[in-house]
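Student: One letter stands for each residue in the lines below.
There are 2 protein chains.
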Amino acid sequence: MKTGFFKVKTREEVWDEFQRFPLLPSEEIHIRQALSRVLAEPIVANEDLPAFIRSTVDGYAVRAKDTFGASESLPSLLEITGEVGMGETPAFELRNGKAARIPTGGMIPTGADSVVMVEYTEELDQRSVAVSRSVAPLENVVRPGDDFRAGQEVLQAGKRLRAQEIGLLAGLGQQSIRVRQKPKVAIISTGDEIVPMEQEPRPGDLRDINSHSLAAMVVNWGGEPVQLGLAPDQFQAMKEKCQEALNQADICLISGGSSVGTRDLTLEVLGSFNDSAVLVHGVAISPGKPTLLVQTSEKAFWGLPGHVASAMVVFQVLVRPFMSHLSGTTLSLGEGRPVQARLSRNVASKQGRDDFIRVKLREKDGNLEADPIFGESALISTLVHADGLVRIHRHAEGLYAGEVVEVIGI
Amino acid sequence: MKTGFFKVKTREEVWDEFQRFPLLPSEEIHIRQALSRVLAEPIVANEDLPAFIRSTVDGYAVRAKDTFGASESLPSLLEITGEVGMGETPAFELRNGKAARIPTGGMIPTGADSVVMVEYTEELDQRSVAVSRSVAPLENVVRPGDDFRAGQEVLQAGKRLRAQEIGLLAGLGQQSIRVRQKPKVAIISTGDEIVPMEQEPRPGDLRDINSHSLAAMVVNWGGEPVQLGLAPDQFQAMKEKCQEALNQADICLISGGSSVGTRDLTLEVLGSFNDSAVLVHGVAISPGKPTLLVQTSEKAFWGLPGHVASAMVVFQVLVRPFMSHLSGTTLSLGEGRPVQARLSRNVASKQGRDDFIRVKLREKDGNLEADPIFGESALISTLVHADGLVRIHRHAEGLYAGEVVEVIGI
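The listed protein sequences correspond, in order, to chains A and B.
When the letters of the first sequence are read in order and numbered with my numbering, they come out as residues 443 to 852.
When the letters of the second sequence are read in order and numbered with my numbering, they come out as residues 443 to 852.
Rather than coming from a laboratory, the hints here were simulated on the basis of the structure.
Certain hints may be false.
It does not matter which identical chain is used: a pair holds within one copy or between any two.
Unchecked claim - No farther apart than 27 Å at their CA atoms in a straight line, the calculated lysine-lysine pairs in the BS3-like style are these:
#1 Lys626 - Lys741
#2 Lys449 - Lys741
#3 Lys802 - Lys626
#4 Lys731 - Lys741
#5 Lys792 - Lys626
Just chain A, with the same shape it has in the complex (with noise of 0.2 Å):
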């Protein structure tokens, strides 16, 4: 194993060790499985969306000049020559002084080049309607293209979808495209005080949180988790915990081992595989400091804290950001964005690591006020009555009371 010279990183320095791994490889699914998958490839419109010229609402497709000047007062008087059916392209040509009846969606006949709304208008007999207002050439009309041209690449690569992207590839007629591999992400928890949440726990033991509550996380991120349960604190044990994860998934969260002597066989451990090298071996962040970032192959060893509260936050700041890296996405600006709220009161940090504490909000005044939660990260219950973490810049000595702060989701 390649070690080195190991100090703390940066959250950023950590990020930037993810260049190290390749992306997921590429799988084709059907679109109904789409959401929230990221496209592996650009696509691109193999036609014109919309593909014909048609109207947005109900009414009289027209020549827009024919109804220049029209008023309440001074309608035009055009003349009713036909009506366009809905899915039908109309048979006829419009000529000037004429009108055609034509539903939302339907194809404008050729001649026409806007509709007046049907509110607009009043039929005198079926041979003639009023027009009481003008409308512009194009009004209440989509033009070939207006959506998408065809040849045009209409969505990039490491685009994470929606239901509109979704809907876009549905219509253009796409069943199926090439998404990134869900990454499947192994979970491992350590440490011999640690009992299966099945189990009746003795004096002295615990029920498995972390991995139950990493799990959710890595599907709420997009990822498969595989449970793979307890290894005990032995070098052969938990070898073969490590080997199956290797076979297994594309990363690997080990968690526990908050105490030295885990900790120590953890790294132990993910050394003896032959081809690993240590990329981080601690970070400037709190809570969180002890991680570990283990090359293996292409695999990646996450050894995430053991106390409950840290754990989470390790998966906020360093492991989803990681899962968006094998994907080849970012989030966009609309997604997953903190919010802003006013701190309820002062908050100390150390300086040197970035602190990530945990918040709750409140409504004040029809404003957000995000009170500070203390307590250990060994409590779940910090996080469970949090609704944000705010982050304490590693070269600030701390916020005051009232300042603006980002609230993260967690």
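Place chain B on chain A using the hints.
Tutor: Leaving out everything else, chain B in the frame of chain A:
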């Protein structure tokens, strides 16, 4: 069918109608499947969490008063009286002037009240340790019930479960819980110009977009879509589709029928069910005015606009909160919060209706700017380019460039 006199309702008046619909039935599930599900009953802790007093650090369990006044230049010397093993109940009691080695997570021996971190100690020999910093009573320990106490309601009914709640349930050994069933949402598209995505459209036809974008939104907000495909603009065929929806789903979304004829037909079909009542017939929002809400038994039929962007906006503004109502939940302050951004240009708006304009977010000098996206609601591209929606209140005449607005994700 009860219809009576109808006037266009505000968004809030539509929300009020939701009270007529009962909550969904509950079901029992394993916590592995519980992410984002909504609790049907409160969770009461059956035991203290944690169940015993334990150390949160590696170090020495001590009596705090034995360390008072300790410093690097004048350390307290304590006699090492034993070692606490992981997952063990210490067999000894700690007396004055003594210390016991203890790992993170280890049980504090009787007599001790705090733990000195190993960083502030030096073992002089096997029997004695020098402590160079004082600790307060209860420092570096968590006590029984520090997370939650036995008998305490730890989660309320209606809580949407996040990763930390699932962790908490695991910690309490609660393997299965009662949650609200996921709302089953049938989706029907209407309009004689619409063809299934799989079919090559003839001139004048369009591929069905709404079925797919709405199904993705249903999944996104915790429902189960039931795609029923297309219903032709014809009474009997549409009635059969609606009956199918009634049999299979809790909610039915019928999109399309933006043309007056189809809209009337939808209403006629829904009215033909024995016990149906029209609750909403027109909403003061744009896009989305022609929205319908009809109750049949305990099921809800939503008539959504046919224009692709309008249907999605109505889903976000009305159907999504309806799904939350059926699940007995509301969004917490940390979830789905709007993002604040500065509007980059003036947007005019008609009074008397809430306008939902689409915006694209952009970073400028470290702040977010929102660029309005103008364009017909018939175009899906307006939403593909958008990061969110901005609501212009029905009493406002518009918004000015430079105003800070709230952007709702879509």
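Student: Hints numbered earlier in the text: which of these fail when held up against the supplied structure?
Tutor: Those not satisfied are hints 3, 5.
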